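All chains, please: the whole structure from these sequences, using the hints.
Take a look at the letters that make up each chain.
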Amino acid sequence: MDKVQNNKAWFLVLPVLVLVAFSAVIPLMTVVNYSVQDTFGNNVFFWEGLGWFQEVLTSPQVHSAFGRQLMFSGIILAIQIPLGIAIALCMPKRGFWASVCLVLMALPLLIPWNVVGTIWQILGRADIGLIGYTLDILNINWNYSRNPVHAWIIVVTMDVWHWTSLVALLAYAGLQSIPQAYYQAAKIDQASRWKVFRYIELPKMQGVLLIAILLRFMDSFMIYTEPFVVTGGGPGTATSFLSIDLVKMALGQFDLGPAAAFSIMYFLVILLVSWVFYTVMTNLDKAEGR
Amino acid sequence: MAVTTDTYTAPARSFALPKIRTRHVVMVLYLAFMLIPIYWLVKMSLQTNREIMGSFTLWPQNPTLDNYRTILTDRSWYIGYINSITYVVMNTVLSLAVALSAAYAFSRYRFIGDKHLFFWLLTNRMAPPAVFALPFFQLYSSVGLFDTHIAVALAHTLFNVPLAVWILEGFMRGVPKEIDETAYIDGYSFPRFFVKIFMPLIASGIGVAAFFCFMFSWVELLLSRTLTAVNAQPITSIMTRTVGASGIDWGVLAAAGVLTIVPGALVIYFVRNYIAKGFALGRV
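As they're listed, the protein sequences go chains A and B. Read in order, the letters of the first sequence correspond to residues 0 to 289 in numbering that gives the first Met the number 0. Read in order, the letters of the second sequence correspond to residues 0 to 283 in numbering that gives the first Met the number 0.
Possibly wrong hints are sitting among the right ones.
[Said to hold, decoys possible] Computed, partial: chain B to chain A, Cβ under 7 Å:
id	residue
1	Met26
2	Pro36
3	Arg109
4	Phe110
5	Phe118
6	Phe131
7	Thr156
8	Leu220
9	Val283
Quick caveat, the hints were computed from the structure, so don't treat them as lab data. Quick caveat, the model's predicted, so the values are computed rather than measured. Glycine is no exception: its CB is placed at the ideal position from the N, C-alpha and C atoms.
Here's what the structure looks like:
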């Protein structure tokens, strides 16, 4: 749709601008402020320069948290994207059962994140939880609050349960937009199921899948509540991801300087991914308009 | 060449029938995976704590609604739901009110800096709440809004306003511009046109945006927990504090969890076809 050039539209955007400026720009400026200053209390601050940034960048604790975070996001994407596509391909195309599947699949997406954590915390317990108890019967020495590997398994399983449906729903929406004529043409050409997927379905899903990958990367990259409730970041620091570390630093120990420097670098990563996301979106819109 | 393709496709066709069955099996397994954890929570909510700890059962032996009764009669529990709903509704109304006009501007006009602004909104949706927790705490403490519903409602606009703008813009671009032009020729003023003609046209979009604002505010924990202490404490925060205490009443905790799922489960049917669109910020 060709839009009209009209700078008066700014007035329509103004309320959003004011509101989001209040809830985003002011806090961000506070963060920037803290990141370059130090204090001995009593609200007396002095210039610190880039000291905090150096400290955070060279801190082994931050490095390992970043490594864990990347590994977590990597595992999540590696499981959820293929699984989501597979589920989307298996879903009924239309009718009553399609609605049933949509509703049931979307349920985990709408559960408060700490309730998701609570559910899996309970499920994993050997005394009252289904999974823990079953593993216990199978004679597996299961203890996710002691064993780091078990903690990872439960956190990853939880996230797969929580968010795979999002990928599936997006992929499903992409599949729905493929005209029936494409499949008929493929049938006439006697294309195999794999070729239909590779040359018809996958290219048509490309746009939505990119959105899905970016959304899942972003949200897994800033995950806080669920692992916090299930493992509390433990055992040790095995499952303490960037957000958990940051909250500990900022609200637990009130290390304002390092926390602020940490926040800014965290935010830069987000900014970069957002930019990729935005580019994908606008290219998608252009392709649609053609 | 033709012979090889024939021999190749023949087995593929005879496999067509079992293939449909595989699909069903995968789907059933996946749905079971989705539902079993929720079932487990519901099951525990119907048991007494003694029964939960005493013996391992797959379904409640003596189903009881005592846990729900505890929550609905104990003020320290049910006040959490009231607090949550209060700030969630405030946030939804606020977000939609400002987002409607902005989304209209983005979908209809080009103006200086529009693309940058749209991108900047997106970065706020993507921003980790952990980054904002401490500054929010200080900001709202300094203006005397700490531990009020409005503080949480304002804090959640951080990600909900961008979300609402993007979703609404996605719906609005589907409305042909000729409708606007015809209305103006007919002598409608902009506000009258917007309320009388345009808003009914994107009613489903507004509904979907409202649903997602409600949902994302409802499920959020970190900011709402950081910004409240007693008076505006949300149910999600009350739940995590119970987890930390010794001698947890699992039954009551499970019942509280089940009650937080109810609002989403009630309206999910109406937005089922837009869920993907909402989560993908109005695209797809």
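Evaluation of the provided hints:
Using the Cβ-Cβ criterion of 7 Å, the hint placing Met26 of chain B at the interface with chain A is satisfied: the shortest such distance is roughly 5 Å. Hint on Pro36 of chain B holds. Least Cβ distance to chain A is approximately 5 Å, under the 7 Å limit. Hint status for Arg109 of chain B: holds, given a least beta-carbon distance of 5 Å to chain A, under 7 Å. Look at Phe110 of chain B: its Cβ gets to within about 4 Å of chain A, closer than 7 Å, so that hint holds up.
Because the closest C-beta pair between Phe118 of chain B and chain A is about 5 Å apart, less than 7 Å, the hint holds. For Phe131 of chain B, the interface hint holds, since its Cβ comes within 7 Å of a Cβ in chain A; the closest pair sits about 5 Å apart. This hint holds: Thr156 of chain B has a C-beta 5 Å from the nearest C-beta of chain A, less than the 7 Å allowed. Because the smallest distance between the Cβ of Leu220 of chain B and any Cβ of chain A comes to about 5 Å, under 7 Å, the interface hint for this residue holds.
With a cut of 7 Å, the hint placing Val283 of chain B at the interface with chain A holds, because the nearest CB-to-CB distance is about 5 Å.
The structure agrees with every numbered hint stated previously.
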